[in-house]
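Asks: In case you want the letters, here they are:
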Amino acid sequence: MTPRRSIFRTLRLIAIAILAGVLVQPAFAQGRPPPRRPAPAAPTAAPISGDVEIEVMVVHGTDSHSKVDARLKPILQYLRFMPHTGYSLLSQDDHKMGVGGDHTFPVVGNRRIEVELIHRDAKQARIRIRMFSGKAKTVETVIAVHRNKSFIITGPKHDNGELILAFTARY
Amino acid sequence: MTELDRLLRQIADGDGSAPVVERAKALLLYDERLPPDLRECGLDDDEPDVAASALLGVLGLDDGLFAGLLGAAVRSEAADSDVPAVEHAPLSFAELMADATQPDALPITAQDLAAQEAEGVVPVADAVRALAGEPDLSLSILHRLGVRPMDVAAAVLDSAGDVDVAVDVSTRLGALAAPLAPALQNEAGDVDVAASVVAPLGAVLWPVAAAIRSEAGEIDVAHLIVPSPIAVASAVRFEAGDVDLVAALAPDTTVDVAAAVRSEAPEVDVWSTMGQAFEPGWVSGLFDGELSPVAHRIAARRLMTDGLASVELSAFAEAGRNLRHAVTEGAGETPYIWAAVAPRIGIEHPEAVPGWEEGVVAEAVRDRAGTVAVEQAVMDRVQRKTDRVTAPPVVVQTAAPANNGRWRMAGMAIAAAVLVSVLAGRLLPMAGLLAPGAAGLSAEPVDFAAAGEVQVEELSYDDEVNVMVTLPDEDGDRPLIIRINEEV
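Sequence order for the protein chains is R and V.
For the first sequence, position 64 matches number 64 in the numbering used here, and the numbering has no gaps at all.
For the second sequence, position 40 matches number 1040 in the numbering used here, and the numbering has no gaps at all.
Be aware that one or more of the hints could be misleading.
Unchecked claim - In silico lysine to aspartate or glutamate, EDC-like type, Cα no more than 16 Å apart, as pairs:
1) R:K73 <-> V:D1447
2) R:K137 <-> V:E1047
3) V:K1025 <-> V:D1045
4) V:K1025 <-> V:E1047
5) R:K123 <-> R:D51
6) R:K123 <-> R:E53
7) R:K157 <-> V:E1487
8) R:K157 <-> V:E1464
9) R:K137 <-> V:D1005
10) R:K73 <-> V:D1367
11) R:K137 <-> V:D1462
12) R:K96 <-> R:E114
13) V:K1025 <-> V:D1049
14) R:K135 <-> V:D1462
15) R:K96 <-> R:E53
16) R:K135 <-> V:E1464
17) R:K67 <-> V:E1351
18) R:K157 <-> V:E1486
19) R:K157 <-> R:E116
20) R:K73 <-> V:E1363
21) R:K137 <-> R:E114
22) R:K96 <-> R:E116
23) V:K1025 <-> V:E1003
24) R:K96 <-> R:D63
25) V:K1025 <-> V:D1046
26) R:K137 <-> V:E1003
27) R:K157 <-> R:D63
28) R:K135 <-> R:D159
29) V:K1025 <-> V:D1005
30) V:K1025 <-> V:E1040
31) V:K1025 <-> V:D1044
Said to hold, decoys possible - A few chain V residues that face chain R, going by a derived Cβ cut-off under 7 Å, partial list only:
32) V1365
33) A1449
34) A1451
35) Q1455
36) E1458
37) I1481
38) I1482
39) R1483
40) E1486
Derived from the structure by calculation, the hints contain no laboratory data.
The beta carbon of each residue, even a glycine, is placed where N, CA and C say it ideally should be.
Could you build the full structure based on these sequences and the hints that come with them?
Replies: And the structure:
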């Protein structure tokens, strides 16, 4: 092998190493590794944790621009039901709680969301959601949602647009 | 001498009893020798003998005073007006008295005249009256005086015309002519003429029908008239043939069901959808995207079971590629004109797609597909297709170097690259240059619940907001969306 070819080979290996390092960043950028869950063969066969992780994704929808945040790719197909042209991810937070437990998620615009786990079984979880704007409670609802399924609460005004809140119950 | 004459003589002689007088009156009414007036009142009931004598004198049967003359005078008066008067020239009274004084002519003696003058009665008039009665001499006198008698009755008739006195009287009285039949019935009562006729026969009438039946027995007249029953239906059918009663009764009652349905429902062209998918060229239409959405789905499902259609579709794809290749070879590469056209129509960035970041699709595909090793497959394909004959490599045997630091250097470079990348992943987010999860959201996929996987059990909201719930669909394409409207 000629020295030139060996240099090219080395450079190629370095590039692959850099690329591999970039691709694996999401696993380290969040501060903790994502939980490794094996793919369940059947819902009843999967191990069920006692706690339920409530994930809240806050998205800002507006008509002032027509750009879509790349991080919203996983839910891009559902954003077409929203009446806006531009979407950006504001925050994403999650919290584990047991039955009877609750947690408050802060939301931009002096808002907060209180989530309480009412019931959980192998099929679905019942959660109570209270939305506050300042000190005033605007909406309170109880939703029964299947494991690892999501739903959307939207409408609170923010920055010439509105907030789109995606709730997910993972367990 | 008639019976009347004899009876008058008898009465004049003083031998007239009541029956005789009545009989004389009856005969007097029909004796045409006397005028009508004299017939009715000729016999005076008070002095029938005097009246009889006068009548005898009028009839010329009396031989007393003025015998014959008085009768002639009376008859001349009773006759027509044109009837001449007495044959003789009219005599004066003196002549008459002179004749009368003749003893053989006049029955009255001088002594009688003297006696009558002593009584103050005009003897002539009284004698005439006694003999002749009360003759009406007016007509002859008027005629002699040259006065034409007037037929008053005829004159009145000519003036008045025919006068139906009976009708006038009835009208005046208000009597109505009674119908004859009610009048008869009123008079006769219910009269059964037949019974009246038969009753004298003295026998009970036999009912005719019973009599005939007893003699002849029961007769089936209908059977006699029609010996054999007639099949009416067959006869009618023979004459008229088969008759479509439905068509005859309701010739125009065909119900256009299609028109009725079309009038109620709008036009639904099913064939344009179904037929489009099954026309002979449906595979071509499917390949070219010319089918409607519904037909496209139908055709796609059919394609999964129709092997020939699949082969045909593949042939279309091959033909398309060959066509494009031929066109490109013949016409050359198509110049890229979008970059020149876009600014002219107001698009500043021709390559920018609103809502899509550059590389988003590629990264999304890469995330979905994961790591795909294509290098080996590509290299295998390239080596397989190449027809070049390469010379066997010349292996130059060279001595191994005594010291080889190549791999040591390469290893160090690789380690350094890995370290740099790890540090960059940790430091860049801290510097705000890269948001957490820059490469995407959490590793867990976001799967929105479909219908049946999520349910809103309770919902309450403030009076100043309005909430609308959009339920998810069956396929899970549309998630559950609770929309809060704060602009109420």
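Asks: Which of the listed hints are not met by the structure?
Replies: 2, 9, 19, 24, 26, 28, 32, 34
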